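Visitor: Kindly produce the complete structure, drawing on both the sequences and the hints.
If you're matching them up, the sequences are chains A and B in order.
Take 1 as the starting number for the first sequence in the numbering used here and just add one per residue.
Take 1001 as the starting number for the second sequence in the numbering used here and just add one per residue.
Hints in this document: simulated from the structure, not taken from any laboratory.
A few of these clues could be false.
[Said to hold, decoys possible] Which bits of chain A does chain B cover? Going by a derived footprint, with three or more residues having C-beta under 8 Å, they are:
#, region
1, 222-232
2, 267-279
[As the list claims (entries may be wrong)] SDA-like mimics (lysine to any residue), calculated; alpha carbons at most 20 Å apart, straight line:
#, chain 1, residue 1, chain 2, residue 2
3, B, Lys-1315, B, Ala-1018
4, B, Lys-1315, A, Arg-87
5, B, Lys-1315, A, Ala-97
6, B, Lys-1440, A, Tyr-279
7, B, Lys-1315, A, Ser-94
8, A, Lys-56, A, Ile-115
9, B, Lys-1151, B, Leu-1090
10, B, Lys-1438, B, Glu-1425
11, B, Lys-1438, A, Leu-280
12, B, Lys-1440, A, Leu-280
Quantities reported herein were computed from a predicted structural model and do not represent experimental measurements.
Even for Gly, the Cβ is constructed at its ideal location relative to N, Cα and C.
Residues per chain are reported as follows:
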Amino acid sequence: MTTFMQLIVSGTLLGVSYGVLAAGLALIFGVLKIINFAHAAFAVLAMYFPAFWFLKWWGIDPFISVFMALPVFFIFGYIIQRLLLERIIGDAESEAATLIMTMGFALLIENMMLIGWSGLPRIINQSYTLATWNVGGVLINHAQTYSLLISLGLIVGLFLFLNKTRIGRGIRAAADDPEGCAYMGINLRSMYGIAFGLGIAITAAGGCLMATYRPFDPFFGESIIVILFANVVLGGMTSIAGALIGGLIIGLIQQVGTLVVPVSLQNVAVFAVFLLFLYLRPQGLLGKREREI
Amino acid sequence: MKAKIGQYALFLCRRYLAIIVVCAVGLIVSLLIGPNRYYQRILLLVLIWASACSSFNIISGYGGQIVFGYMMFLGTGAYTTVLLFKLLGLSPWIGMLVGAVVAALIAFIVGLPTLRLRGAYFAVATVAFPLITIPILNHVGFEEVSIPFIKRFSAMQFADIRAYVIIAVILLAVVLITVRMIELSRFGFCLRALKENQTASEGMGINTLRTKILAFILSAALGAVVGTVYAFGIQYMISTHSMFGLFIIVRVLSISIVGGLATLWGPTIGAAILVPLGQILDSQIGDVYPGAQDIVYGAFLVAGIIYLPEGIWGKLSTYLRYFSALFEARVRGVQQVPGPTETLADRQLTVGSLNLDFLCAKSSDTKTDSFILEVNHVSKSFGGIMPLVDVNMQVPRGEVLGVIGPNGAGKTTLFNVVNGYLTPEAGAVLLEGEDITKKKPHSVCRLGVGRTFQVPQVFSHLTVLENIMIGAFGRGQGISEASAIARRVAEQLGFSSQRCHDKAVGLSVMETKLLEFSRALATNPRLVLVDEPMAGLNPEEADRIGTIIKELTRNGITVIVIEHVVQSLIKFADYMVGLDAGRIVAEGKPEQVISDPHMIEAYLGKKWKERYARS
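Guide: Below, the structure written as structure tokens:
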């Protein structure tokens, strides 16, 4: 029973960490219809910079640099959208084109990290990295708990921003009906830029948080990007709440699944469930079916 | 007889001449390089990647279904061959074919459910398969498998790397000839059409799922053979990472995009540029900057998709076509040169009496009393909304039935239920007594139901003629018959022979509507469902549409029309049905329906009758 509770707890912690990364992916897909293949690469970039290097250079704690990552990566994302992606989005075939372009970003980011910072696996070693609370035999990691709380805060913040502010509503309108928005005087390009920037920013924050308890190397992103895709598909592609739920499902399958299958096969369980889901309900948990003609 | 065979051989030679020449050039380059292993290896890599990307091109370029998990098939081929060789001693030459069969089987199993998904879902679904395979293979102890070294022909192992170059050249030739054959076949046309517009292709009688699965299986089987040659020629020891890793699809996509997807030569050109570049970078500065090769690939991807989205060959071929037209014009002494962005002046569209006898519509002379279409107690719901509630309708043969009603009354949903885009929750649809309720759109089309769409669904990048040919393909015609039918239909509906060769994207609204009619007629329908044909047309053009519809019935084709321009509709409709909120509220002669109090209340308005009487 304790083992089971332990797996539930660690699955939840893991799930929320995926959820916050996937929330950015879902926002970007929902608004810009871009499948961002470089998404995890951005998160890994944030694991190095600011999280790892700020600590090494100036002793800034990663839990503080999370909040520095937000504006920096927002601007980074905004510039990438306005400078590059904007040129190719908009027509019917752009889904494949954007997927391919972001794949190019992933190659560039990962290999530049490899050249600049070497392929050595890195780990952030702070007092909370390995420390745990013992709650009735269930061990709960400090770093993961702090990360969980901040992640939930970020997701709620993003949700409120999109629903309560003028710009947020503009972004949602742009997602729903770009043409209508253009006629209503909403600046689509700037909405797209802000949405992409936000998506990257929240992902970068998620990456910083993940770096506090998980070793990483420049290609760490490749091992989680497809899990993140599965995550947003489970959640319905465009829904931020769905991304969180999808993350929880995957985290729990990965952890609880180890009771049934060997640890080395935990991703097999994830993708098997994912495929099953895809066949039965392709629009995802919180997704809507669209009219074809 | 002998002369005929000779002629045919000559024809084949000419058709595939370019491929034979290019492959011969590959061999000559190998000969010139001599025994230098390093350069021979680069050449071998170019040939292998060119073959892999050309195979990938079938489903993802021509078919437009980007298979992100394509490495699944390279890996399957390599692992099957190597394991059979190592464990059972089966010759790799046979193992290669077994690998291709296994890959084809996997493609069928993977494709059957995933190819129903669209866009993003499909891309993500396919990549899950290699990611499932890697941990399973690792788990059973096949993370790395060395190829036993037996220097014998039967073991596909040679001391001289040039032997592999010859194998790879032959492989590339086989792949390219396959691609060329597909390009010129009916199957290739259908692939291009479904890439452009899957919904319309399905409605025109193309079994899109079957077409996609066939393309997928071909891509997979060829990919598996390439995987085997890659393993034996380059690898010596295969690992799950080197055969199933994500980097493979990254390379394949980079090469295909830079060269040009959906073109015969694109992948080969992309490989000839990117592979040597990557190899040279790797060997020159690879030890100092280990990721240099991938940075170049990444930069090419980003720059390529912005500046050359159609790829190097895509761009080149546009110019080539232009210059060859220029050349031809000079030879013939014609002044005007049709350039890549040609627009023709308006031509007169005259509609006299249509003669569609060549279509031989199936029910033209059997004027029996039975109804051509019966809709019995059909209900359909989307979540809480009920667009159709217990709809009953009988459509008499050879007449025009008009369907009117306010927006959201369920008119288009009714059409979608009849031709199979939607399956109703309750009730049945009978076409001449045959139950078609659960049939897919392509089979309903083949049974003789044509369709035009509210929002026109033409294949924008196909020419007018090719658009109509897609309709003829649905009824099982080959290329030349389809082309002949398309020409006659186009001529009947007033397309000039020049206009026939323009892309559909540049047509006017009226021409687009006529194209939809032509395409529907080419499927040889007994019944045509026409959805708002007059929207966006001026009164004169609308009248022409009315004439055409009347002409169709004269040719024995029954027509059901949804239309908001009721004044025009009552001129040519024999019967009318009024829908409101998913129910049929009025039916009968047009006069009866427009006088029906419910229709006046819900749709026409009280003043309508007066205005109609005045006009």
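Visitor: Does the structure break any of the earlier hints, and which numbers would those be?
Guide: none
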